[in-house]
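Now for the letters of each chain:
Number of protein chains: 6
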Amino acid sequence: MKISARNQLDGRVVEVVKGATTAHVRVELAGGQVVTASITNEAADELQLAPGRAVKAVIKSSDVMIATE
Amino acid sequence: MKISARNQLDGRVVEVVKGATTAHVRVELAGGQVVTASITNEAADELQLAPGRAVKAVIKSSDVMIATE
Amino acid sequence: MKISARNQLDGRVVEVVKGATTAHVRVELAGGQVVTASITNEAADELQLAPGRAVKAVIKSSDVMIATE
Amino acid sequence: MKISARNQLDGRVVEVVKGATTAHVRVELAGGQVVTASITNEAADELQLAPGRAVKAVIKSSDVMIATE
Amino acid sequence: MKISARNQLDGRVVEVVKGATTAHVRVELAGGQVVTASITNEAADELQLAPGRAVKAVIKSSDVMIATE
Amino acid sequence: MKISARNQLDGRVVEVVKGATTAHVRVELAGGQVVTASITNEAADELQLAPGRAVKAVIKSSDVMIATE
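As they're listed, the protein sequences go chains A, B, C, D, E and F. Just so we're aligned, residue 11 is where the first sequence starts under my numbering, counting upward by one. Just so we're aligned, residue 11 is where the second sequence starts under my numbering, counting upward by one. Just so we're aligned, residue 11 is where the third sequence starts under my numbering, counting upward by one. Just so we're aligned, residue 11 is where the fourth sequence starts under my numbering, counting upward by one. Just so we're aligned, residue 11 is where the fifth sequence starts under my numbering, counting upward by one. Just so we're aligned, residue 11 is where the sixth sequence starts under my numbering, counting upward by one.
If you're looking for bench data, these hints aren't it; they were derived computationally from the structure. Wrong hints could be hidden among the right ones.
Claimed, not checked - These stretches of chain A come out as covered by chain B in the derived footprint (C-beta under 8 Å, 3 or more residues):
1) 26 to 38
2) 44 to 50
3) 66 to 79
Because the structure is a prediction, the values reported are computed rather than measured. Backbone N, C-alpha and C define an ideal beta-carbon position, used for all residues, glycine too.
Take the sequences, apply the hints, and build the full model.
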């Protein structure tokens, strides 16, 4: 599958915390920065997300903001 | 200013392409991956975005998806 | 690639309209309803989107609202 | 009320699962595909969402991505 | 139509700027603050948006961030 | 920090309700309208959000829709 989302960042899961319906997944990118994703518990199960798993963090460019100091 | 968005990734602007109302800004993260942001031309002007500028790519965690091979 | 987004709707491209930086792609779903996606021109080119092409419309569940009459 | 969101897909609620603050609502579209929405419990109560209820799934076009095989 | 989005802010259009495919609509809220919406030109036409028109700015709660000084 | 998001509305926290992983924060804007934000519990803690606190509600313009009667 190829997807239109411009941002597909390579990384590795470092933590999966499940709530009642929503899971927070932390992914360490190549380069050491960490990205947090809020996804459904169902998706976390289906993709078998667990620490160490190689994944991509996928983000639509219209969801990225820019900040300056 | 501190913001609730979980993802504030350090990087450097590598390209700014303006359209009629929307600009596409490419930011190279520490670690070498590139993030594209679609923002208004107005915001790009106001933040004086240009290649070489140190910025953060800011993304709400509910806008991040996870993909696996 | 498998992705966490809960909504991956099968359909067929019926129209691609490019703007200066942003393209509007219309996809007719199985069942006849039409979904419009705003994506970058770059993504539309890369995926070679054109009328007739079988695609999925992918939507994160946190981006779906519900309306009633 | 008329809304600018380009995507207003007719369907019928098939499931409502409430979490601590967030509900997942599954809607079967005309044509048989199912869309999942993550909304607040409060909204699910206010709209009296329950299986069988006719609803629209409303999605802004900037939140739709396109994927190809 | 009732919609699940928690935020439906009353205001009045003060400006509509159309680009190639995307329009920027500025709405002054009761209270004087101004909200900018990026919507499709098509939606702006369909809703006959023009300065002075009473509208609601509709925003899903998962798209709102909080910032502190 | 300056951010590209066009909408940075001044207000004051009136309520913080935490769920398992997601908090709902209600902010009364200058002018009396109330905005609800769904953010992570972690962010709510980090920003020390509590009733009475002066904050900004920050919203990307591509996440704002317009509705008319």
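Quick check: the stretch 44 to 50 of chain A, covered by chain B? Criterion 3+ residues, Cβ under 8 Å.
holds (count 5)
How does the stretch 26 to 38 of chain A fare against chain B when you require at least three residues with a CB closer than 8 Å, holds or violated?
The restraint on the stretch 26 to 38 of chain A holds, since 3 of its residues have a Cβ under 8 Å from chain B and three suffice.
Per the coverage rule (Cβ-Cβ under 8 Å, at least three residues), is the stretch 66 to 79 of chain A covered by chain B?
holds (count 14)
The structure is consistent with each of the numbered hints, conforming to all of them.
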